[in-house]
Amino acid sequence: EDQVTQSPEALRLQEGESSSLNCSYTVSGLRGLFWYRQDPGKGPEFLFTLYSAGEEKEKERLKATLTKKESFLHITAPKPEDSATYLCAVQAGLTGGGNKLTFGTGTQLKVEL
Amino acid sequence: NAGVTQTPKFQVLKTGQSMTLQCAQDMNHEYMSWYRQDPGMGLRLIHYSVGAGITDQGEVPNGYNVSRSTTEDFPLRLLSAAPSQTSVYFCASSYSQGSNQPQHFGDGTRLSIL
Numbered sequence: 052e053d054q055v056t057q058s059p060e061a062l063r064l065q066e067g068e069s070s071s072l073n074c075s076y077t078v079s080g081l082r083g084l085f086w087y088r089q090d091p092g093k094g095p096e097f098l099f100t101l102y103s104a105g106e107e108k109e110k111e112r113l114k115a116t117l118t119k120k121e122s123f124l125h126i127t128a129p130k131p132e133d134s135a136t137y138l139c140a141v142q143a144g145l146t147g148g149g150n151k152l153t154f155g156t157g158t159q160l161k162v163e164l
Numbered sequence: 365n366a367g368v369t370q371t372p373k374f375q376v377l378k379t380g381q382s383m384t385l386q387c388a389q390d391m392n393h394e395y396m397s398w399y400r401q402d403p404g405m406g407l408r409l410i411h412y413s414v415g416a417g418i419t420d421q422g423e424v425p426n427g428y429n430v431s432r433s434t435t436e437d438f439p440l441r442l443l444s445a446a447p448s449q450t451s452v453y454f455c456a457s458s459y460s461q462g463s464n465q466p467q468h469f470g471d472g473t474r475l476s477i478l
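Heads up: the sequence lines are chains C and H, in that order.
Under the working numbering, read the first sequence as residues 52 to 164, first letter to last.
Under the working numbering, read the second sequence as residues 365 to 478, first letter to last.
A couple of the hints might just be wrong.
30 Å max Cα-Cα, derived DSS-like pairs, lysine-lysine [claimed, not checked]: (1) Lys-110/C x Lys-120/C; (2) Lys-120/C x Lys-151/C; (3) Lys-93/C x Lys-161/C; (4) Lys-161/C x Lys-114/C; (5) Lys-114/C x Lys-151/C; (6) Lys-161/C x Lys-108/C; (7) Lys-378/H x Lys-110/C; (8) Lys-151/C x Lys-373/H; (9) Lys-110/C x Lys-151/C; (10) Lys-93/C x Lys-378/H; (11) Lys-161/C x Lys-373/H; (12) Lys-119/C x Lys-108/C.
FYI, nobody ran anything at the bench for these hints, they're computed from the structure.
This one's a predicted model, so the numbers in the text were calculated from it and none came from an experiment.
Throw the hints in and build the complete structure from the sequences for me.
In structure tokens:
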């Protein structure tokens, strides 16, 4: 059974204080690992897809990395507008379930002035 | 470009009532799916469709029905609402079955069953 565990559950940072969010996973044949951002009252918003170990993707202050067991979302010099819940999800190989995503429970990030 | 549109945004039902949650996408995506999000749990797949006329069950399908008569629309029906179905429901779409392109989500329907 595919599993995704995210840590920490919640993180409070000062503006400019860099940190990393962790996503550990077990999956039968990784087809893709996805990072989403979710704001209160909204649906998940796509950030990155990572396909293989060693891959990195960047977008503004965010950088996602992938190993064979985990992914990190690095946030450099965060701003208050980066406050959100960050979700990690994995998509397994074609063993049924269509394009099913298995999600973690998320990391709630709060960036303060 | 609206993306994935869900209606209604909020709904309160009594136990035993039925209702349909609407989902429409304007991206010509073949693959559509429904997830529910509950506190302390990750989003869980309810049903999915790989194209018009084709649907299949996900992880938590009991108590829900779906149909896909057009590419654009994928409604979710609650047959006889139960308090355990109180949740936030998200519809998502992506390019095609087997694609590892990202799924795009709507803003959800917040459903309370009394």
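Here is how each hint holds up against the structure:
1. Lys-110/C x Lys-120/C: holds, 22 Å
2. Lys-120/C x Lys-151/C: holds, 19 Å
3. Lys-93/C x Lys-161/C: holds, 17 Å
4. Lys-161/C x Lys-114/C: Distance ~18 Å between Lys-161/C and Lys-114/C Cα, so the pair holds.
5. Lys-114/C x Lys-151/C: holds, 24 Å
6. Lys-161/C x Lys-108/C: With Cα atoms ~22 Å apart, Lys-161/C and Lys-108/C stay inside 30 Å; holds.
7. Lys-378/H x Lys-110/C: Violated. Lys-378/H to Lys-110/C sits at ~45 Å, over the 30 Å cutoff.
8. Lys-151/C x Lys-373/H: holds, 24 Å
9. Lys-110/C x Lys-151/C: Distance ~25 Å between Lys-110/C and Lys-151/C Cα, so the pair holds.
10. Lys-93/C x Lys-378/H: Given pair Lys-93/C, Lys-378/H holds - Cα atoms ~25 Å apart, limit 30 Å.
11. Lys-161/C x Lys-373/H: Roughly 26 Å separates the two Cα atoms, so the pair holds.
12. Lys-119/C x Lys-108/C: holds, 16 Å
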